[in-house]
Amino acid sequence: MRFNLSSTALSSRLLTLSRVINSKNSLPILDCFLFEVHNGQLTITSSDSENVMCGTLNLDSCEGEGDFAVNNQTILDAVKELPDQPLALDVNFNEMKIYITYQNGSYNFPILGADEYPRVQPISDNASSITIDAAKLSDSINRSIFATAQDELRPVMNGIYFDLTSDSLAIVASDGHKLVRNKNYSIKSETPSAFILPKKPATLLKTV
83 MRFNLSSTAL
93 SSRLLTLSRV
103 INSKNSLPIL
113 DCFLFEVHNG
123 QLTITSSDSE
133 NVMCGTLNLD
143 SCEGEGDFAV
153 NNQTILDAVK
163 ELPDQPLALD
173 VNFNEMKIYI
183 TYQNGSYNFP
193 ILGADEYPRV
203 QPISDNASSI
213 TIDAAKLSDS
223 INRSIFATAQ
233 DELRPVMNGI
243 YFDLTSDSLA
253 IVASDGHKLV
263 RNKNYSIKSE
273 TPSAFILPKK
283 PATLLKTV
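Letter by letter, the sequence shown follows residues 83 to 290 of the working numbering.
One thing to keep in mind: the hints can contain errors.
[Said to hold, decoys possible] Keeping only pairs whose Cα atoms sit at most 20 Å apart, straight-line, the calculated EDC-like set for lysine to aspartate or glutamate is:
1) LYS106 x ASP159
2) LYS270 x ASP245
3) LYS179 x GLU198
4) LYS282 x ASP233
5) LYS281 x ASP130
6) LYS179 x ASP113
Bear in mind the hints are in silico, worked out from the structure with no lab data behind them.
Please model the entire structure based on the sequences and the hints provided.
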């Protein structure tokens with residue numbers, strides 16, 4: 083399998099997704115990104131077993147399809163310092179290796195089988211969905227996240243409460259001493275819903 087894409091696009095997406103991965107994982111496979119190449123697109127997944135983040139890139143060209151896992155630090159270190167240029171990635175499933183060719187040289191390192199990577203649970207058909215402007219969401223999280231707690235005995239206080247109604251989106255955080263409530267009337271939904279977003283995914287979302 084061979085595919086081509088921009089070094090800048092790949093490194094930028096890997097850097098964002100790498101923030102999900104813990105420095106120490108109980109499952110070694112979670113030290114890896116999951117790469118899935120299908121229909122001219124590359125989908126990259128990272129996980130810490132509780133939080134999952136996915137990103138998709140359109141490929142400049144693609145020959146073949148397949149899935150594999152590759153160590154996050156190894157591939158990120160290989161591409162993050164490269165100036166913007168085309169990259170050719172060749173995956174040899176017989177050798178279980180990936181070869182990355184750039185303008186002045188090449189890298190190669192081992193890959194793992196995708197079947198070892200924990201699969202994401204599909205979203206149920208009756209789940210409600212809403213599109214929120216990234217800048218507005220980031221601003222709302224920034225205004226609230228400092229008020230969250232670090233309390234193992236009361237984990238509900240360690241996240242941000244989202245309350246979505248037909249009128250607005252209210253975002254609330256409290257550590258028991260301070261309380262922050264931020265309301266945005268430009269974000270609304272005909273299907274009311276409420277949930278608590280833990281601190282780690284909230285921190286990840288504000289940097290996307």
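Report task. Quickly compare the C-alpha distance for LYS106 and ASP159 to 20 Å and report which way the hint goes. Result -> holds, 18 Å
Requested in this report: Compare the distance between the alpha carbons of LYS282 and ASP233 with 20 Å, and conclude whether the hinted pair is satisfied.
Outcome: holds, 14 Å
Requested in this report: Quickly compare the C-alpha distance for LYS281 and ASP130 to 20 Å and report which way the hint goes.
Outcome: holds, 14 Å
Query raised in the report: CA of LYS179 to CA of ASP113, is that 20 Å or under?
Result: holds, 17 Å
Requested in this report: Assess, step by step, whether the Cα of LYS179 is no farther than 20 Å from the Cα of GLU198, and give holds or violated.
Outcome: At roughly 16 Å apart (the allowed maximum being 20 Å), GLU198 and LYS179 satisfy the hint.
Report task. Take the C-alpha atoms of LYS270 and ASP245, compute the straight-line distance between them, and say whether it is at most 20 Å. Result -> holds, 10 Å
In this structure, none of the earlier numbered hints is contradicted; all agree with it.
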